[in-house]
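If you want the building blocks of each chain, they are given just below.
There are 4 protein chains.
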Amino acid sequence: MIKPGQLVMLVSPKGKRYFRVLQPDEVLNTNDGHLQMQTVMEKGFGGRVYTHLHRPYTVIKPTLYDLIKSVKRQTQIIYPKDIGYIILKLGVAPGSKVIEAGAGSGGLTTALAWFTGDHGRIYSYERREDFTALCRLNLEKIGLESRVELINQDISSGFAQENVDALFFDVRTPWDYLEHVPSALAPGGPIGFLLPTVNQVSILLSAMQNRPFSSPEVLEIMVRHYKPVPERLRPQDRMIAHTGYLIFARLNAPDPDMDHPAPSIGEQEEKYAE
Amino acid sequence: MIKPGQLVMLVSPKGKRYFRVLQPDEVLNTNDGHLQMQTVMEKGFGGRVYTHLHRPYTVIKPTLYDLIKSVKRQTQIIYPKDIGYIILKLGVAPGSKVIEAGAGSGGLTTALAWFTGDHGRIYSYERREDFTALCRLNLEKIGLESRVELINQDISSGFAQENVDALFFDVRTPWDYLEHVPSALAPGGPIGFLLPTVNQVSILLSAMQNRPFSSPEVLEIMVRHYKPVPERLRPQDRMIAHTGYLIFARLNAPDPDMDHPAPSIGEQEEKYAE
Amino acid sequence: MIKPGQLVMLVSPKGKRYFRVLQPDEVLNTNDGHLQMQTVMEKGFGGRVYTHLHRPYTVIKPTLYDLIKSVKRQTQIIYPKDIGYIILKLGVAPGSKVIEAGAGSGGLTTALAWFTGDHGRIYSYERREDFTALCRLNLEKIGLESRVELINQDISSGFAQENVDALFFDVRTPWDYLEHVPSALAPGGPIGFLLPTVNQVSILLSAMQNRPFSSPEVLEIMVRHYKPVPERLRPQDRMIAHTGYLIFARLNAPDPDMDHPAPSIGEQEEKYAE
Amino acid sequence: MIKPGQLVMLVSPKGKRYFRVLQPDEVLNTNDGHLQMQTVMEKGFGGRVYTHLHRPYTVIKPTLYDLIKSVKRQTQIIYPKDIGYIILKLGVAPGSKVIEAGAGSGGLTTALAWFTGDHGRIYSYERREDFTALCRLNLEKIGLESRVELINQDISSGFAQENVDALFFDVRTPWDYLEHVPSALAPGGPIGFLLPTVNQVSILLSAMQNRPFSSPEVLEIMVRHYKPVPERLRPQDRMIAHTGYLIFARLNAPDPDMDHPAPSIGEQEEKYAE
Chain A
37 MIKPGQLVML VSPKGKRYFR VLQPDEVLNT NDGHLQMQTV MEKGFGGRVY THLHRPYTVI
97 KPTLYDLIKS VKRQTQIIYP KDIGYIILKL GVAPGSKVIE AGAGSGGLTT ALAWFTGDHG
157 RIYSYERRED FTALCRLNLE KIGLESRVEL INQDISSGFA QENVDALFFD VRTPWDYLEH
217 VPSALAPGGP IGFLLPTVNQ VSILLSAMQN RPFSSPEVLE IMVRHYKPVP ERLRPQDRMI
277 AHTGYLIFAR LNAPDPDMDH PAPSIGEQEE KYAE
Chain B
37 MIKPGQLVML VSPKGKRYFR VLQPDEVLNT NDGHLQMQTV MEKGFGGRVY THLHRPYTVI
97 KPTLYDLIKS VKRQTQIIYP KDIGYIILKL GVAPGSKVIE AGAGSGGLTT ALAWFTGDHG
157 RIYSYERRED FTALCRLNLE KIGLESRVEL INQDISSGFA QENVDALFFD VRTPWDYLEH
217 VPSALAPGGP IGFLLPTVNQ VSILLSAMQN RPFSSPEVLE IMVRHYKPVP ERLRPQDRMI
277 AHTGYLIFAR LNAPDPDMDH PAPSIGEQEE KYAE
Chain C
37 MIKPGQLVML VSPKGKRYFR VLQPDEVLNT NDGHLQMQTV MEKGFGGRVY THLHRPYTVI
97 KPTLYDLIKS VKRQTQIIYP KDIGYIILKL GVAPGSKVIE AGAGSGGLTT ALAWFTGDHG
157 RIYSYERRED FTALCRLNLE KIGLESRVEL INQDISSGFA QENVDALFFD VRTPWDYLEH
217 VPSALAPGGP IGFLLPTVNQ VSILLSAMQN RPFSSPEVLE IMVRHYKPVP ERLRPQDRMI
277 AHTGYLIFAR LNAPDPDMDH PAPSIGEQEE KYAE
Chain D
37 MIKPGQLVML VSPKGKRYFR VLQPDEVLNT NDGHLQMQTV MEKGFGGRVY THLHRPYTVI
97 KPTLYDLIKS VKRQTQIIYP KDIGYIILKL GVAPGSKVIE AGAGSGGLTT ALAWFTGDHG
157 RIYSYERRED FTALCRLNLE KIGLESRVEL INQDISSGFA QENVDALFFD VRTPWDYLEH
217 VPSALAPGGP IGFLLPTVNQ VSILLSAMQN RPFSSPEVLE IMVRHYKPVP ERLRPQDRMI
277 AHTGYLIFAR LNAPDPDMDH PAPSIGEQEE KYAE
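Residue numbers (the working numbering), protein chains in the order written: chain A, 37 to 310; chain B, 37 to 310; chain C, 37 to 310; chain D, 37 to 310.
Just so you know, these hints were derived from the structure itself, not from any lab. No residue lacks a Cβ here, since even glycine has one placed at the ideal position from N, Cα and C. You may find that some hints are simply not true.
What the hints assert, rightly or not - Below, computed lysine to any residue pairings styled on SDA-like, alpha-carbon distance capped at 25 Å:
#	chain 1	residue 1	chain 2	residue 2
1	A	K133	A	L64
2	A	K50	B	K263
3	A	K105	A	R260
4	B	K263	D	Q110
5	C	K108	C	M37
6	A	K133	B	G41
To be verified - Reference listing, derived: stretches of chain D covered by chain B, where coverage requires no fewer than 3 residues with Cβ under 8 Å from a Cβ of chain B:
#	region
7	176-189
8	226-239
9	256-269
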């Protein structure tokens, strides 16, 4: 028994996936015929339901990975491999408040909304109206729109929020907006960037040197899939070679005591007390 | 102002990190002298506090990445690069119920507890008593122990839970326990494994062929860090070449209609409806 | 001025490449019309020649890389990234004698013949008649056939040569033929293998443990290309993720003194005297 | 029986390697006592010889890989993974004439001299006197010095050679010397570069756009080693993450017919005629 309002993924006999926020009186029109959502509700996750043409659909509780892959896109979306790492580095948790600059199609927005839960809040800025609309559509389809404040606005005049827990930039020239970070992000808070070219990384690092950021970190993540054949196990022939470089840093705390400046966080090798 | 019960990270002038669940009357003994947690509470995140020897400490709200790196370990722990991806593939969210087989030092346990929040529940099985104790210690240090049921027990007789949202194995011979998965994991639910050698991956894939699992996926994740020098940008000289292979699959739904068997999930190329 | 008998590469206006061993009286029929090889000879490398339809062709001295890419294939060929490393590890040099088991389409054969020169000798075994013919065709096209003895024969009864400098296996079950190595390869000589799956690597390593081989080494080589755009430098989106695993070892020298067995080569960390 | 003048590698019981051009009357002083090279000559490759303290040494015919690893270095040397690919892309063969700008310790010089053989010629420019001396020493130790013309000279005034088959730059600012390439390299000839940072790659690509070069290619090569344990096969824990970026291009042929400019080589997708 699935509760109304819960998100379900319906998998067709050919593997096609439909996402729906369950409404018992809805009828889903598929390529294989009509499907009563009332029946989906009653069968529950893992259940089998049939269209009016007797085609079997499987009812699945989707993972975040399923959702990200389902995002309808007009832009390059951020990949799951990168999203997982971003979430950890930004410290996103149930209840977090996060600013995202450059929502695009909403892949990362989906993940941020997923993890912050009903008590968190995502502020997603997007300059282009068409992308804002697409992002909204993608969020609505999976019922996460209430957790996200979508702001169709350029960030050149800064952010309306204060003291958010984390900030992520997925824009072409993030260095142009660094000045707006201290008033929006909590002191000591984590900041992240995704950039496709090395030239952009270089410019960003340079710009950060004159700003109150510490512990800059640059990295890239590669995922290699294997053919899952036990007796002939080997990597797939081809792989994604590049999506983008990830850059992370911390906003420094303001220094109240100029005579005894504290070291910036992470200037030293990380050490952990027992 | 930080609320009692919140987690804080205190960074010493030399970069050493202390984690504490804030209790206003505690006095932290550091290598640099005593620190009043009352002062930490008042200064707030991003603030500067001084030991009785006048050494400045910075008060930071830790990210999950910080916590994972701080785990005191007696075992090989799972790396952030792998944890981020696992969380996405397992669909872990606020409120999730997850079984972890093989808690070890508690690196993944920490992440699972972090993301499922106060309304979720982690069931962590660990055969060895010393590891169970260490894992508990690590969770207590960061105040996440209430979200985790630590079970110091072999899994050869199965799991006590039913219908959990996801299941992860970090044990040496996971194929020995596959039979216990269907009674514990919700139908259609995601399952994951971490294995260090190709031989283990091959044995596991083979064992899964005779069990109700579909969509097996094998992959490895590599992270390459760069020296963050804008005018001489280049990868670090060395990197971690291997931590382990990740394997994911879905538990099939039981088939109520043997005359019209449904396809297993993911047998086909994934397709997404608009 | 190019000498008759030299190898030339002719590049069409559309980038199509033709390879010819120069014969002054030949007329090359291209998609762009006839080309007099006499003119090619006179213009020399780097020169421009015209077909009877006035289409310009450029005369180039091909590199080994050009030749390997031009190999007409019916089999998976060995990639340049792997060939370069194989050549170094096998110690192939002008004058070397090398056995290749599994010639296939002749990609590695081409490289071996290229480097050993007129005074070396390549012994290439190939079980299938069609591959043997194809390999011969590929070698003839570039004028290297005289350096190669192509042997259309199964290697299950061993090799006819003795004391060759190096031996390379590109066959599916190389472990079946290890017993024939000591009589063919010089003592202390290098041996190499290419295998696509981890299962094969594991079986081979196991089989080598009972044979007089030392210093086994297993590796894989990945090449990542970048888009050569100076102001937007970034890796290509996709790359070859896997061609095969390379395995190298040394044939032990026979031990004349059983009372004082010498260590096998490479059992220890490599050290180099000044 | 080894001929005087041949190169031998002597491996000590502890794996230490000595390289010598065999002279029958030499006595090698090792940490394990004196070794008569006369005996080495008689025993032959694969043989066992004893020091006057009765320690067994194994006589091996070294591979190029052995030689490169043995290079005594004061500079960062080029790695075998890169050298193998460079050799293929430059078309180095027995008899080739090659210019190397920036000899350093002589790692690549060794490889070039190895493959071009007695009829080839390597012109190695090195600005620093100490590196020139070290490079000479390294070549003499292995008997390849006669194939190399070591030129202790800055290349800012160009190269003394004409029409060489290939040219390789291992210097910090290769873009400063591109103007000297056309007079030294054969038209259509291959040129290569090794550069450690992305900034250098970007500057070089930019500089090449205004010069007669075509088909620029940028890439990096990664080698991942495995622990050669058949029943627990897995990659080594750590690997070299970066040595340098390789850049390759072709020198255009001069255009004799400005009214009908030919396309530069490789401007198009490579295609190969049957």
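Are there hints from earlier that the structure breaks, and if so, what are their numbers? Hints 1, 2, 5 and 7 are the ones this structure does not satisfy, whereas the remaining hints hold.
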